[in-house]
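There are 2 protein chains.
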Amino acid sequence: MTGTLYLIPNTLGESEPESVFPPRNREIILSIKHYIVEDVRTVRRFLKKVDKSIDIDSLTFYTLNKHTDPKEVASYLKPIAEGQDVGVVSEAGCPAIADPGADVVSIAQKKGYKVVPLVGPSSILLGLMASGFNGQSFAFVGYLPIDEPERSKTIKRLESRAHNENQSQIFIETPYRNMKLMEQLLNVCQSSTLLCVACDVTLESEYIKTKTIAEWKKEKLPELNKRPSIFILY
Amino acid sequence: MTGTLYLIPNTLGESEPESVFPPRNREIILSIKHYIVEDVRTVRRFLKKVDKSIDIDSLTFYTLNKHTDPKEVASYLKPIAEGQDVGVVSEAGCPAIADPGADVVSIAQKKGYKVVPLVGPSSILLGLMASGFNGQSFAFVGYLPIDEPERSKTIKRLESRAHNENQSQIFIETPYRNMKLMEQLLNVCQSSTLLCVACDVTLESEYIKTKTIAEWKKEKLPELNKRPSIFILY
Numbered sequence: 007m008t009g010t011l012y013l014i015p016n017t018l019g020e021s022e023p024e025s026v027f028p029p030r031n032r033e034i035i036l037s038i039k040h041y042i043v044e045d046v047r048t049v050r051r052f053l054k055k056v057d058k059s060i061d062i063d064s065l066t067f068y069t070l071n072k073h074t075d076p077k078e079v080a081s082y083l084k085p086i087a088e089g090q091d092v093g094v095v096s097e098a099g100c101p102a103i104a105d106p107g108a109d110v111v112s113i114a115q116k117k118g119y120k121v122v123p124l125v126g127p128s129s130i131l132l133g134l135m136a137s138g139f140n141g142q143s144f145a146f147v148g149y150l151p152i153d154e155p156e157r158s159k160t161i162k163r164l165e166s167r168a169h170n171e172n173q174s175q176i177f178i179e180t181p182y183r184n185m186k187l188m189e190q191l192l193n194v195c196q197s198s199t200l201l202c203v204a205c206d207v208t209l210e211s212e213y214i215k216t217k218t219i220a221e222w223k224k225e226k227l228p229e230l231n232k233r234p235s236i237f238i239l240y
Numbered sequence: 007m008t009g010t011l012y013l014i015p016n017t018l019g020e021s022e023p024e025s026v027f028p029p030r031n032r033e034i035i036l037s038i039k040h041y042i043v044e045d046v047r048t049v050r051r052f053l054k055k056v057d058k059s060i061d062i063d064s065l066t067f068y069t070l071n072k073h074t075d076p077k078e079v080a081s082y083l084k085p086i087a088e089g090q091d092v093g094v095v096s097e098a099g100c101p102a103i104a105d106p107g108a109d110v111v112s113i114a115q116k117k118g119y120k121v122v123p124l125v126g127p128s129s130i131l132l133g134l135m136a137s138g139f140n141g142q143s144f145a146f147v148g149y150l151p152i153d154e155p156e157r158s159k160t161i162k163r164l165e166s167r168a169h170n171e172n173q174s175q176i177f178i179e180t181p182y183r184n185m186k187l188m189e190q191l192l193n194v195c196q197s198s199t200l201l202c203v204a205c206d207v208t209l210e211s212e213y214i215k216t217k218t219i220a221e222w223k224k225e226k227l228p229e230l231n232k233r234p235s236i237f238i239l240y
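Protein chains in written order, with the working numbering: chain A, 7 to 240; chain B, 7 to 240.
Bound-form chain A, shown alone (with noise of 0.2 angstroms):
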């Protein structure tokens, strides 16, 4: 019998784990003994808010970032071909969504294991249905580049193909270059078009707003500086 690769969605900065994840991840994080991560100490924090009784000294963990060397990603599934179960925790919201933990999933499908995703927050989708954009169709690019003049030029792209695919187009920033992106995106795109800011989300402070490009201009901008947010052109 071969063990199980679970992906553990963690919390989206300071919220509390009854408010984000079902009882059954805690009950499956009390059976794992293997965690891949990207920084130990976060997952120590995170194991710790999910059950304080959690003996972390009894617990082995395998780190996972963009150095990590392919084959050490692969030797961190050897306790699945034992019979134990592995856990993948993401540093916040869902492992292998804008996060390195695809990498060691695919190696695990490649050869043949269980692959058991849990129910978490995810930014991406939450801001999404919060919205009030296209459902029906939809995507994720991650990070706009950071030099001109490709990011104007990726900015009018995203709102083209969200006007003529019906396609909601999310993106993100480095938090404390979130002013910047939303000044752009107010120079840049079409004074209809629609933008959603989510930020803070799933947190107190949670400010999620749609409005028209022409409709931002006339306000005071909200204060996205730090402030982990997400980006929908519509």
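It should be emphasised that the hints constitute simulated quantities derived from the structure, not laboratory data.
These numbers were taken from a predicted model, which means no experiment stands behind them.
Don't take every hint at face value.
It does not matter which identical chain is meant; a pair holds if it fits inside one copy or across any two.
No more than 20 angstroms apart at the CA atoms, straight line, and that leaves these computed lysine to aspartate or glutamate pairs for EDC-like [stated by the list, open to error]: (1) Lys116 - Glu212; (2) Lys39 - Glu229; (3) Lys224 - Glu156; (4) Lys120 - Asp206; (5) Lys55 - Glu24; (6) Lys186 - Glu154; (7) Lys120 - Glu229; (8) Lys120 - Glu212; (9) Lys232 - Glu189; (10) Lys159 - Glu171.
Take the given structure of chain A and dock chain B to it, following the hints.
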């Protein structure tokens, strides 16, 4: 004080609430008296499952489907203006994602009401997490066209976009046509293209496998008939 529009996910089939909803969802549900739903019977059953003690007769239900007049939809949000919360419940999964709920969210956003999405299961997101495909760039495109040659053309276009833009392409089919779609994907796509099939997500019978088209062709296909499935090309 105006109320809040809560977006409340439903189970994906007959799974237990404990395995897919955070405890917070139940607390919020217990405080809501007005529900916008596609089918009143499904939602009554859902509410009873969340908490047997809910007094269904004290609740007001408003029906939303593709035949509902937009003016009527706007009237469903009246309780919010009067300071009461309103819940939108999906037939399965997350409201406004591949679901008519987006229209009512759009009206709420236009009116400036607070919209709060709750965490729950999305077969699209869970399937993508477990696929091992690119989660930094992905698109969901809903249903494929039914008639040929449009259908094959669309499959080829999605396959090209997956390769050229490095963007995972997610789509669905009416469950009784799943096997036909599966066969068609094997015929139309290149042998090295990766296809993930995610079936009965969050149920005990959950099946999520990624293989190349060539590998899928060599094996007995999984039984997908009438089982809700998502398909991802990469």
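From the Cα coordinates, with 20 angstroms as the cut-off, is the pair Lys120 and Glu212 best called within, between, both, or neither?
between (35 angstroms within a copy, 10 angstroms between copies)
Homo-oligomer pair classification [Glu189, Lys232; C-alpha up to 20 angstroms]
within (15 angstroms within a copy, 48 angstroms between copies)
Intra- versus inter-copy proximity for Glu212 and Lys116 (alpha-carbon distance at most 20 angstroms)
between (39 angstroms within a copy, 18 angstroms between copies)
Same-copy or cross-copy closeness of Lys55 to Glu24 [CA-CA at most 20 angstroms]:
both (10 angstroms within a copy, 18 angstroms between copies)
Measure nothing new, just compare the shortest in-copy and cross-copy C-alpha distances for Lys120 and Glu229 to 20 angstroms and report within, between, both or neither.
Answer is between: at 17 angstroms across copies they meet the 20 angstroms cutoff, but 43 angstroms inside does not.
Under a CA distance limit of 20 angstroms, which applies to Lys39 and Glu229: within one copy, between copies, both, or neither?
Answer is neither; intra-copy 41 angstroms and inter-copy 33 angstroms both fail.
At most 20 angstroms between CA atoms: does that hold for Lys224 and Glu156 within a copy, between copies, both, or neither?
Neither. Shortest intra-copy (27 angstroms) and inter-copy (43 angstroms) distances fail the 20 angstroms Cα cut-off.
Measure nothing new, just compare the shortest in-copy and cross-copy C-alpha distances for Lys120 and Asp206 to 20 angstroms and report within, between, both or neither.
between (33 angstroms within a copy, 14 angstroms between copies)
If the cut is 20 angstroms between Cα atoms, do Lys159 and Glu171 qualify within a copy, between copies, both or neither?
Answer is both: 18 angstroms inside a copy and 15 angstroms across each meet the 20 angstroms cutoff.
Can you tell me if Lys186 and Glu154 fall within 20 angstroms by alpha carbon in one copy, between copies, both or neither?
Within. Shortest intra-copy distance 13 angstroms satisfies the 20 angstroms Cα cut-off; inter-copy 46 angstroms does not.
Hints 2, 3, counting from the list given before, are not met by this structure.
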